[in-house]
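Q: One letter stands for each residue in the lines below.
4 protein chains.
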Amino acid sequence: MTKPLNVGMIGYGFMGRTHSNAYRKAPNFFDLPYKPVLKTICGLEEKEAKAFADRWGYESYVTDWRKVIDDKSIDVVDICVPNNYHAEIAIAAAEAGKMIICEKPLARTAAEAEPMVQAVEKAGVANLVSFNYRRVPAVTLAKKLIDEGRLGKIFHYRANFLQDWTISSQVPQGGMATWRLDVKAAGSGVTGDLLAHCIDTAMWHNGPISAVCGMTETFVKQRMHAETGKVEPVGIDDACTFFCRFDNGSLGNFESTRYARGHKALYTFEINGENASIAWDLHDLHRLSYFDHRDDSIVRGWRSVHVTDGDMPYMGKWWVPGLQIGYEHSFVHQVADFLENAAKGQPTSPTFREALATQKVCDAVLASAKAGKWETIKY
Amino acid sequence: MTKPLNVGMIGYGFMGRTHSNAYRKAPNFFDLPYKPVLKTICGLEEKEAKAFADRWGYESYVTDWRKVIDDKSIDVVDICVPNNYHAEIAIAAAEAGKMIICEKPLARTAAEAEPMVQAVEKAGVANLVSFNYRRVPAVTLAKKLIDEGRLGKIFHYRANFLQDWTISSQVPQGGMATWRLDVKAAGSGVTGDLLAHCIDTAMWHNGPISAVCGMTETFVKQRMHAETGKVEPVGIDDACTFFCRFDNGSLGNFESTRYARGHKALYTFEINGENASIAWDLHDLHRLSYFDHRDDSIVRGWRSVHVTDGDMPYMGKWWVPGLQIGYEHSFVHQVADFLENAAKGQPTSPTFREALATQKVCDAVLASAKAGKWETIKY
Amino acid sequence: MTKPLNVGMIGYGFMGRTHSNAYRKAPNFFDLPYKPVLKTICGLEEKEAKAFADRWGYESYVTDWRKVIDDKSIDVVDICVPNNYHAEIAIAAAEAGKMIICEKPLARTAAEAEPMVQAVEKAGVANLVSFNYRRVPAVTLAKKLIDEGRLGKIFHYRANFLQDWTISSQVPQGGMATWRLDVKAAGSGVTGDLLAHCIDTAMWHNGPISAVCGMTETFVKQRMHAETGKVEPVGIDDACTFFCRFDNGSLGNFESTRYARGHKALYTFEINGENASIAWDLHDLHRLSYFDHRDDSIVRGWRSVHVTDGDMPYMGKWWVPGLQIGYEHSFVHQVADFLENAAKGQPTSPTFREALATQKVCDAVLASAKAGKWETIKY
Amino acid sequence: MTKPLNVGMIGYGFMGRTHSNAYRKAPNFFDLPYKPVLKTICGLEEKEAKAFADRWGYESYVTDWRKVIDDKSIDVVDICVPNNYHAEIAIAAAEAGKMIICEKPLARTAAEAEPMVQAVEKAGVANLVSFNYRRVPAVTLAKKLIDEGRLGKIFHYRANFLQDWTISSQVPQGGMATWRLDVKAAGSGVTGDLLAHCIDTAMWHNGPISAVCGMTETFVKQRMHAETGKVEPVGIDDACTFFCRFDNGSLGNFESTRYARGHKALYTFEINGENASIAWDLHDLHRLSYFDHRDDSIVRGWRSVHVTDGDMPYMGKWWVPGLQIGYEHSFVHQVADFLENAAKGQPTSPTFREALATQKVCDAVLASAKAGKWETIKY
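First to last, the protein sequences are chains A, B, C and D.
Its first residue numbered 1, the first sequence is counted upward by one per residue in the numbering used here.
Its first residue numbered 1, the second sequence is counted upward by one per residue in the numbering used here.
Its first residue numbered 1, the third sequence is counted upward by one per residue in the numbering used here.
Its first residue numbered 1, the fourth sequence is counted upward by one per residue in the numbering used here.
Be aware that one or more of the hints could be misleading.
One copy or two, either will do: identical chains are not told apart, so a pair holds if it fits within one copy or between any two.
Listed below are the simulated DSBU-like cross-link pairs for lysine-lysine, each with C-alpha atoms no more than 30 Å apart in a straight line [as the list claims (entries may be wrong)]: (1) Lys-3 - Lys-344; (2) Lys-39 - Lys-317; (3) Lys-378 - Lys-72; (4) Lys-378 - Lys-39; (5) Lys-264 - Lys-3; (6) Lys-370 - Lys-72; (7) Lys-317 - Lys-373.
No wet-lab data here; the hints were simulated from the structure.
Please read these numbers as outputs of a predicted model, since none were measured by experiment.
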């Protein structure tokens, strides 16, 4: 017997859509202890909020996020607004005893994230940060292969997140569509937006990063603000590269940019172990590349595993072998895991605390780039 | 203002799931003239039907498909049962004035399909056969590129549909899960199940096929029946290859099998024109390969187009560039197109009549294989 | 102690170059019982013949091939002229007791090839037909994997040879550069030139073909003759598709065309067995794709084997792992194998007799296409 | 009329073979002003030297490299010995007025390389360092595309060189086969051996590197010496990662390791420009990936250019479109260019002076890794 679980969604932008879709689909495919009910959508513009409610089947809409917090019937608060609003909303939600799903990165800085962690832990509420790529089946499979010890000792972890959508200097900063270019809203550029994903996956796969050394660049120095129309200095990092050392002795190399012509959202990682290696990329997210040195030498090669069979992570819930799922499904898996764990009183990774560690690495990378030297990280 | 449209779904198997998902998702992503309402699910087993209704949000369930037909409130009948039931249900639905979406192939033979076409045309009801792969964005894009004349005169059309799930002689025939191996239920083997998709796409892309010459094989000659437990002769074709001539002078080469180890659902096609060529496959359905001879020679090569940008067919409705959709979305597009056209009183391709043409080609292929000579096709 | 072996090369065209290069390189990389000496080059035009001799280090040149036959010092006659000259030269060479390497196809027809076989067998001379692709390491590896039984029972053999160089109707027929389009010189079009390769490999890999059914097309019906300047009907097949049955019960599907825009020399094959499958293509000839169903299911996928390690066929003789060889090396391997076998008095496959079988399949395919029905093949 | 050019080869190891092959093949395929004559091979072991001379057709062999220098008939000295011998031999050769081709890296350090540059410049002799990958046709094509301005402003240059042959701690250091692991012979590990290639290509493509920041690691801390049998500390870098800034404002990210399981010799680079991007890798060296943002958006994608047509760099000299060449051909091109330029009194890039710049970057990377901070480079 599934219990209804009332969802209050804050934010009707791109992430509001991915999360709403996830709540709707999860119970069609997974056997869940809760049945999500889309109770309230909250967004700044009433007309937009109403249209979103109609489209997605929310029972109501509000324009002030505090009303979501104050609504006793709401069980889960889902935060899909720009980064600068995460802390205030999340802390209020925690204090109100709500479960919380928060979009990534947790906050603009570790300093801002720290009280969020304290708030959810003090309140004892279920909490999750939406590093959704962990739950792409191929990425989850990679974790499984590592945990089974198939790779042996790890030597290298390599990850990139390459985009090309801000090459034109005519792209503005700020506003609804381009707040990610506005340092006040986003906190940082590719580091918080994209490398945070890479770091989250990397530390999940390969353990803590102990020290980093990075370089950043801002190619377009000033952009018009989308709301004010004023040309203003750009405060974010357009590109960031860093190398690092993991606690387990392996080396990391990470790079992100929004100036890699030809790549829309090319998140890639590769892990080299003593016995085997793994590679993956988001542009073909349904495949995992795997090389096993223990194969007979004459038939040894990189395997392209089409992660669609029923024994693959999450895939038993979807279609039949050979038929791929896509980007949106990572959010469905996230909701399903969150609800299953919440019903058992168990945490769902990455928690706020785990996301704080990612934030600390991001902060260290930016500090390192500024100082031109290594930074060690204290968790 | 969208009108509700009541859906009566017949069949709760794999296709019942893909279609139910499509009705639920379509209005979240597309601006539709109708809002589909999941009214009734019909399936043989009451317990299963009830569970399906609960999971997908159907308002009711029945175990006799005639009740769906007789229900005046039902607007659309969606037929997702084995092929041997298509004709009877579709004709009854047409006579009751229902819109009809029918799974492919239209029927087991052209002779069985013919009265279905007559019924829907006589009744003047909206009708569609679910050759869903047409509406994978990359496949729709291929059609667009051909229609724009980018390929020039077409010389070759090549398509395969390769699977490997029936290699073991322990796989039974008949029953819920394996009715596709039972000639009484399916009508034929890979020809009707898989090549029908290839033929539908091919004639959409490249016009009518005028004559065919084929070969079939049944590798496993007898299998246990899933329901009776008796070992019985296998009546279906396990593999079928044919070549053909199109009305436009181009040559076709088609092959399907369920004995191609390593391929789960590898539908591939390639089209070679005077100026350009196109290739696609279902295992990476979000990509289209394109070669244009008019490119500068030193940078000329096959392009791998990641069909995710907003200006690609259907993709403006989904996520952002670089983020792929999957198999299930082809059904969402199908529902969206069907509803939009229905509201305008326009047919949605492939109609029953178009699917009859595909059936005729399938029949001719099988007849040719039996006779060991060419068969011409009369539409 | 290696003995010198005097080579008389007949033909200084494209194949004359590939063979000359092979004789020069073989002893640098292989430990051979003979040291090839480039004795005489024979070609129609004296100036060209002399230039070729200078470039490649031939000791002499002649313009009449009979002088090569009559030269007692010549040990090996290598025939690299258009197909219509193969029979006369080969028979004369055999009668003169020369070893013979002959370019493929053996002749224009099986009828023409038959006395060639008889001549070499009567004379007891070493003989080889240059189906060089067998000795691309990845193709040789495929043979090894099949022979080891890794694939299990074979169900399907699929091969294509796709080119695009004759799409323009301005390409002439006949003459030095385009004799392959002249039916008098070539015997047939893509069937003898390209499918012959596919058939040779297929029967080597998978045993005899018992029956075929084919279709051919000539897209450009007339072309100017390169020598006479006259527009004449085109007598060759521009495209040919056939399916077939092998003696071992497997099915074949073959296609070749020179109208596949975007493919220069795309010879591909794929073999599907009960337990494993293999795929290869000439555009990345240093790789073999391999799928093994017996792999653990969660890491099962097509492997891309980079055939460059020292334990791969022939590769121990070349560079180091990861460093690829190319097209020309298949000819070096052919020469090396031929010389090694000749020293031991052993035949080198494919012999004239084996190439005759390939010729018979080609003839049957063309006859089948003409008659519109199956043809069985008697070897 | 070609003049003979006497070659004195010093070193009969792997590189001695690649260079010898190049001298032999170059005149068969290129129209050269000189005809290379393999005059003398020099190597430490007489028996080996003699065998090498026999195999490759050297007229004589010696075991003391000074005899090559002293031989007045020698025109070109080709240095294919471990790095620690480069300086002494090259300086002596220059002083003797010989043309010099020297294997890469030029020396173990910039300090060691400096007098080599001075020597060749003072002597005015033709000189070249064998960074052969520049002359893989696809890499040369990349240079051409950049120089034509197709990429526009460059933002990123990314290169890796990944191997896996030293993962086992049982691999020794020192000796003939593994001198690359001995810091005394090699000077450094992956930095001088592999990254030097990446840096050479990068500065050729993208101009000078102004500052670097790197990290190195030695995973296996001690290895047995191949000659002494003693276990000794390992002095080389097993892995090296660095990022950098180019003079043109673009950012670089470079990584090399011999611990990347699954990669034999995977040299890769990618260049992202405002309008277009390029990518290449050594495991498929005959292809260049190219993305052009100016393509029509619906057919825009990464192009896989099969660099085999006659209008591609160097390819007009080889076979026909579609037929690939391999690793060894880069050395043939190098010899051909060197001889053509030498005849005209023109330098061939990369000269000793250019290779010194690469050496300075290598030194700076290692110094940076040691110091844990950026190093600027003065050329």
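Q: Broken hints, numbered, in rising order?
A: Structure breaks hints 3, 4, 5, 6, 7.
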